[in-house]
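Let the hints inform the model, and build the full structure from the sequences given.
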Amino acid sequence: MIALDDIDRRLLRALSEDARQTAGALGRRFGLSQPATWRRIKRLEEAGVLRGRRVRLNKEALGFGVTVFLGVKLATKGRVSLDDFERAVTAIPEVQLVQHVLGLYDYRLRVVARDLPDFERVLRRRIMTLPGVGDVEANVLLSEERRPGPLGA
Amino acid sequence: MHDLDDADRRLLRQLQASEDATVSDLAERSGMSAGTATRRLDRLERAGVIEGYQARINYRALGYEIEVSLRVTLDKTATNAFDAFIAAARDIPEIDEIQTFLGRVDVRLNVLARDMAHYQEIYRARILNLPHIADIEALMLVANVKNSESLPL
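Top to bottom, those sequences are chains D and G.
Quick note: the first sequence uses this note's numbering, first residue 1, plus one each step.
Quick note: the second sequence uses this note's numbering, first residue 1, plus one each step.
In short, the hints are calculated from the structure, not lab data.
Note that the structure is a prediction, hence the values are computed from the model and not measured.
Warning: the hint list may mix true and false statements.
[Unchecked claim] Simulated crosslink set (DMTMM-like; lysine to aspartate or glutamate; CA at most 20 angstroms straight-line):
| no. | chain 1 | residue 1 | chain 2 | residue 2 |
| --- | --- | --- | --- | --- |
| 1 | D | LYS59 | G | ASP8 |
| 2 | G | LYS146 | D | ASP18 |
| 3 | D | LYS42 | G | GLU19 |
| 4 | D | LYS59 | G | ASP75 |
| 5 | D | LYS59 | G | GLU137 |
| 6 | D | LYS73 | D | ASP84 |
| 7 | D | LYS42 | D | GLU60 |
And the structure:
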């Protein structure tokens, strides 16, 4: 496991806010030379800590007004049904996240839709028809906040 | 809502699908020149459709093996239950997501921990001390089957 110092942590925090900052700009901010900053970023990439970058789109501006989290319980278990369920659920474009979990449910899904009627369509036609699907619980997302996580700790 | 044409849509789809593509890669995959792609990306950013780019941090590579989704029901007889709970949750560095819902669950916290002993320490010493909790359910992450956060454009 890679050990981080304070500067590594600050670099990670800065890049998780804005991944387009150059090594030069980050170096000036944290009192490092451009090559030293670049070497640190390279090391974090090679250790698998930095794993690419992701574009953040404004989903409301693109007409996606509703995000719903679903807790799904499978009706039948066993290896085959897990594989079938996972293959089918990951192919649904409106499903952004599929997590296999332990607890009250077997899977957590994050689903985006244009509005509630659109969500109902996805739920009825695509989710409820998945192989092996049992109980489904829906919670509509009202607000969401991403925190930097344990980097600063 | 922002109106996209087909070329914008192709470009955004490619942008969501590829984590580290350069503008010329994106342009080629979307069937346009690099100059056109740059102009369109700039326009989408000015229009607020593209909000930014964030580095993805892999907490596993930093020794955080445990990820738990805590689904919290609050005691709504307290008038400021949501605000007080969320403000206190922000002080726990191991929490990297705070979401509020309409449904059976009021708030969801995503908790990262190094191992089960560390999780237990966070849970007992920090989480259970948060104000206005009526009930907590935990879902422990086994695997991310799909984690694209892509919008179906």
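Going through the hints against the structure:
For the suggested pair LYS59/D and ASP8/G, the alpha carbons sit about 15 angstroms apart, so the restraint of at most 20 angstroms is met. A C-alpha spacing of about 24 angstroms is found between LYS146/G and ASP18/D, which places the hinted pair above 20 angstroms, so the restraint is violated. Our distance criterion of 20 angstroms between C-alpha atoms is met by LYS42/D and GLU19/G, whose separation comes to about 16 angstroms. Distance check on the hinted pair: LYS59/D and ASP75/G sit about 31 angstroms apart at the alpha-carbon level, beyond 20 angstroms; violated.
A C-alpha spacing of about 29 angstroms is found between LYS59/D and GLU137/G, which places the hinted pair above 20 angstroms, so the restraint is violated. As the CA atoms of LYS73/D and ASP84/D are separated by approximately 14 angstroms, the hinted pair is consistent with the 20 angstroms bound. As the CA atoms of LYS42/D and GLU60/D are separated by approximately 35 angstroms, the hinted pair breaks the 20 angstroms bound.
In this structure, the hints that do not hold are numbers 2, 4, 5, 7, in rising order.
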